[in-house]
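Chains as they are written, first to last, in the numbering used here: chain A, 1 to 233; chain B, 1001 to 1266.
For the record, the hints were derived by calculation from the structure and aren't laboratory data. The hints are all genuine.
Taking CB as the label site, the calculated pair distances span:
1) B:F1013 / A:Y89: 55 to 65 Å
2) A:K232 / B:D1262: 36 to 46 Å
3) B:A1187 / A:S41: 24 to 34 Å
4) A:K232 / B:A1151: 14 to 24 Å
5) A:S41 / B:K1123: 34 to 44 Å
Below, simulated PhoX-like cross-link-like pairs (lysine-lysine); rule was C-alpha separation at most 20 Å, straight line:
6) A:K149 / B:K1131
7) B:K1072 / B:K1007
8) B:K1084 / B:K1028
9) B:K1075 / A:K143
10) A:K144 / B:K1077
Ideal Cβ placement from N, Cα and C applies to all residues, glycine included.
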Amino acid sequence: MSFLQINETLLRGFGLTCLIFIITLAVAIPLGLILSFGIMSKISPLRKILNVFIWIIRGIPLMLQIFMVYYLPGILNNGVSFWGDVDKYFYFNYGIENGGALLAVLISFIINYACYFAVIFRGGIQSVSRGQTEAGMVLGLTKKQIFRKVILFQVIKKITPPMSNEIITLVKDTALANAIGIVETIRAAQNFASGFPPVIWPIFYSGVFYLLFVGFLTVLFNFLEKKLSFYKE
Amino acid sequence: MAYLEIKDFRKTFGNNNVLKGISLSVEKGEVLSIIGSSGSGKTTLLRCMNFLETPDTGVMILDGETLFDAEKDKKIKENALREKRLNFGLVFQSFNLFPQYSVMDNITLAPLLQLKERCKKDKTVNFAEGKQKILAEAEQLLEKIGLTEKAAEYPYQLSGGQQQRVAIARALALKPKILCFDEPTSALDPELTGEVLKVIRSLKGEDRTMIIVTHEMGFAKNVSDKVVFMAQGVIEEEGAPKDVFDNPKSEKLKAFLSGIKDKEGE
Ligand SMILES: Nc1ncnc2c1ncn2[C@@H]1O[C@H](COP(=O)(O)OP(=O)(O)O)[C@@H](O)[C@H]1O
Ligand SMILES: [Mg+2]
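Pulled out of the complex, with its shape left as it was, chain B reads as follows:
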C-alpha cells in the first residue's frame, strides 16, 4: 500500500459537483503535482486532505492509518480533527501569514502553543528546554529559506516571495508528513516566483513528500515524480511528468497544455 492513499473523494457544494470521485496515491518522499484549469477542483481536493472541507464520500489512508472514512467520520471532534490536520501542512496561494507577528513569531507560534499544551498535560516536560529547541529549529528554517536577517520583521515589510517563503517555513516547523502547496506562486509577480520554487525544489532534495498544485508547468515537469491532470472534478490523466507533458493522451490535456503554451508565448 502506498504512503498516502485517497479513494473516491467526492464533494458537492449545493448542486455544484466539484469532486466526482478522485483516487490517487503518493509514495513516501515522492512529489506529486496536480495541474488543471481553474475551477477543476484542485483547491477543494487539497482542502479535503487538510480537513478544511469534509468529503461526501471517500477514504484517506496515510502511513497505514485510516485518517478519514466518510462512512464513519460524519462529525469529527475538534481535538481529533486537529491531530489529523497536523499530518499535513498547507501553503496557501495568498500566504495568510499573521500580520501582527514577526517572521520568527509566525514560525514559532504553533509549535510553542503545542509545547505549552504538552507541559500542561505532562509535568515532566520542560518548557524552557522545549522552547529553546523550537527557536533553534526556527533559526535553521530561516536559514534554509534565506531570510535569517528578516527574523524580526513583520510580514508587511517583506516582498510577496519572501512572505511565501516564510509561510513554507511556518508549515515545516510542525514537521508535517505531507506538505501541500496550493498554487504557491500564483499571487506573485513573475520575477518573484523563482525564489519560492527554489525553496520547494530544495525540499525535494530532503526527500519530503509533497503535493503541489501549480500552473508552473516547467517546474512541475522538473520537480515531480508524478503528475495528475484534473478536469471538471475528475482525474483525466496521470503519470510520469515526461508522459503527461510530452505525450498527452486525452484531448482535454492536449488542449490545456497548448493553451498554456499560447499564454507563455504572448
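Next up, chain A with everything else stripped away, as it sits in the complex:
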C-alpha cells in the first residue's frame, strides 16, 4: 500500500474528525449560552435541575455518554434498534454510511460540550462586575444595549483562554467516536494495523494530523488573545 493511498484513507477519516468538531462547536456554543442563562436563572428549581444535569454530564466519561446515547434507545424500545433505522434512512436518502452512529456521537458531544461551555459562560458573565451593568443603567442604556455594548465584550475577553482549552480538547475527544464504529482518523489508521498484512506506522502517523490542527487553533487563539489585550481590567 502506497504512502499516498494511506494518506488518502487517513484524510477521509480526518474529514469526519473535522465534521464532528465543527458541528459540535456550532451547536454546543449557542446551546451552552442558553444553558448558562438557565444556571443563572432566578427560578431556583430550574437552576437546581440544570446544575445536577451538568454535574452528571461533567462527572461521567464522555465515552460512557456516547454508549448511553447509542444503546439506551434500543434497550428502552425492547431491543429494537433505533439507530439502525437512522442508518438506513441516511444510507438510502443520502448514501451516507453509519449515519445513525454519527448522529449519536454528535448528540453526545453536543450535550457534553454545551455543559462545559455553559459553566465557562457563567463564570465569564458573573466575573463582569454588577457595577458595569449599573453604570449602564444610570446612563440610560437599555438591557440589550448593556449586554451588547458593555458586558459582551468583557465576557468574550474573559472566556477566550478557557474556551481555547476546551476547544483544543474537543479536537482530541473526537477520537472517542471510534468507540461506536465511526471511521475517524484513529480508526482509519487502526484499520491498517489490523489489516493483512498489518501496517503499523499509520497509527503513529495519524498523530501528525491532530498536531497540525491543534497547532493551527493555537496560533488562532493566541492571535485572538493578543487582539483582546488592548485593555486590562
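Given the coordinates of chain A, work out where chain B with the ligands should sit on it, guided by the hints.
Same frame as chain A, but now just chain B with the ligands:
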C-alpha cells in the same frame, strides 16, 4: 415646592430596615451633602433616587413632576424607567468606567446610543450633525476635567483620580438635572482626592444641583448649601453646614464628628 422633594422613602432588604422614612428637599442649583457612618443607608438612598432600587414607600417629585410614587409605581416599564433615570446622574465610589472603551468613548457611548435611537424614530434628525455636537461637547468636558490629552487612553492607563474625573464627565455628558456622588473619593489614595474634589467644586460654580455622599468633612462644609446627617436609616440632623459641623445638636452627630476628628488626627 422645592426643586427635588423626597417624602417618606422607606426600604427594607429582607428584615433589614435600611431606610426608615427619609424626607428631604433640594433647591435648584443647591449642593446637598449627606454624611453619616457606614451602613446608615446613604448609598441605598442614592440608589433609590437613581431607580437602581425601588423604595417600599415614598414619593419623589422633581421640578414639579412626580417621578416616583410607591403607591402607583410597583412595576415601572423599562422605557419609562430609563427616562426617569436620566433625570439623575450617578458617580460611583468605584468609578465603574467601561474598561474596553477609551476615555472619549466612555463619555460619548450613551449620548451616541441615544442619538441613534432618536434618528431611528425621527427621520429628520441628522446623525452626522448630532454626532459632531456630542464629540464637541465631550471635548469641552475633557477640558473641564483637565484630561484633554488622555482622550484616547483606556481607563487602566489612568490613575484612580483621573478615572473618577472621567466618570464625572461621563455623567455630565447626559446633562442630568441632578448629579449624585456616592463617596467619590473613598476609593482613592489621599493624594488623589484633591483633584476630584476640585472638579466637583468647579461644578458648583456652574450652579449645578448636586447631592454628594462624602466622608470628606472639610469639603462638605465648604461646598454644601445644606448638610444632612443620616444614622441608622433616619435623618438625625440637617441644616446649614455651619450649624451641622460647628454646632451639632444630637448626641449621634457629636459622636460621629468627634470620631472623624480622631481619625484625622492619627
Ligand atoms: N441589595 C442589598 N441587599 C441587602 N442588603 C443591603 C443591600 N444594599 C444595602 N444593604 C444593607 O443596607 C444597609 C445600608 O447600606 P448602605 O446604604 O450601603 O449604607 P451606607 O452607604 O451608608 O454605608 C447595610 O446594612 C447593607 O448591608
Ligand atoms: Mg455607601
